[in-house]
Amino acid sequence: MAKGKTITYLLIAGVVAVWGLIFYRVYVSMSEEDLDTPVAATTKVPYFKMVDHHQDQVNLDLNYRDPFSQVGAYVETKPVASKPENVAMPRPAMPGPMMSKPQVNWSNIQYTGYVNNATSRQKMVILSVNGNTAVLTEGQSAHGVKLLKYLGDSVSVQYQGEKKNIKIK
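Numbering that gives the first Met the number 0 applies: residue 0 is where the sequence shown begins, and numbers increase by one.
No lab work stands behind these hints, which were simulated from the structure alone. Hints are supplied without guarantee of correctness; some may be wrong.
[As the list claims (entries may be wrong)] DSSO-like cross-link-like pairs, simulated, lysine-lysine; straight-line CA separation at most 27 Å: (1) Lys148 <-> Lys163; (2) Lys145 <-> Lys122; (3) Lys168 <-> Lys148.
Whole structure, please, built from the sequences with the hints as guidance.
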């Protein structure tokens with residue numbers, strides 16, 4: 000038992016020494032005034048060597064054509080073929096007037112949410128069409144709008160022959 004007590008006393012002495020050192024350092028750092036310690040001035044080595052170009056003895060030869068000027072630029076000329084006089088060129092056939100589809104007003108259709116049907120375990124989508132509310136499952140239609148697919152945050156619908164994905168509002 001004496002051996003266990005000596006180890007315990009040594010460990011207690013070590014813990015007291017460590018905590019004493021910690022408290023001493025905190026006390027010293029708080030009691031010291033903030034003295035400006037002089038820092039030796041260091042000279043920074045330049046990243047690259049500076050060169051004085053006034054002492055260069057090289058002469059540049061600048062008597063070449065300016066690549067950006069238009070004077071003397073190469074212009075491709077096509078030979079002019081002689082046209083025979085009085086030759087009628089056939090006119091391309093004009094297609095009939097194009098019947099454009101009327102624009103679909105998608106702003107009247109809003110996806111406002113969905114409801115889980117407990118009995119059939121289907122998602123029932125709530126759509127607002129021209130102010131009228133309709134609750135639809137996939138494949139059903141109401142007020143001219145057919146619900147094609149439920150996509151979670153959006154639905155795919157068909158209205159007046161056009162398809163569109165509408166995000167939830």
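*Give me the numbers of the hints this structure contradicts, sorted from smallest to largest.*
Every hint satisfied by this model.
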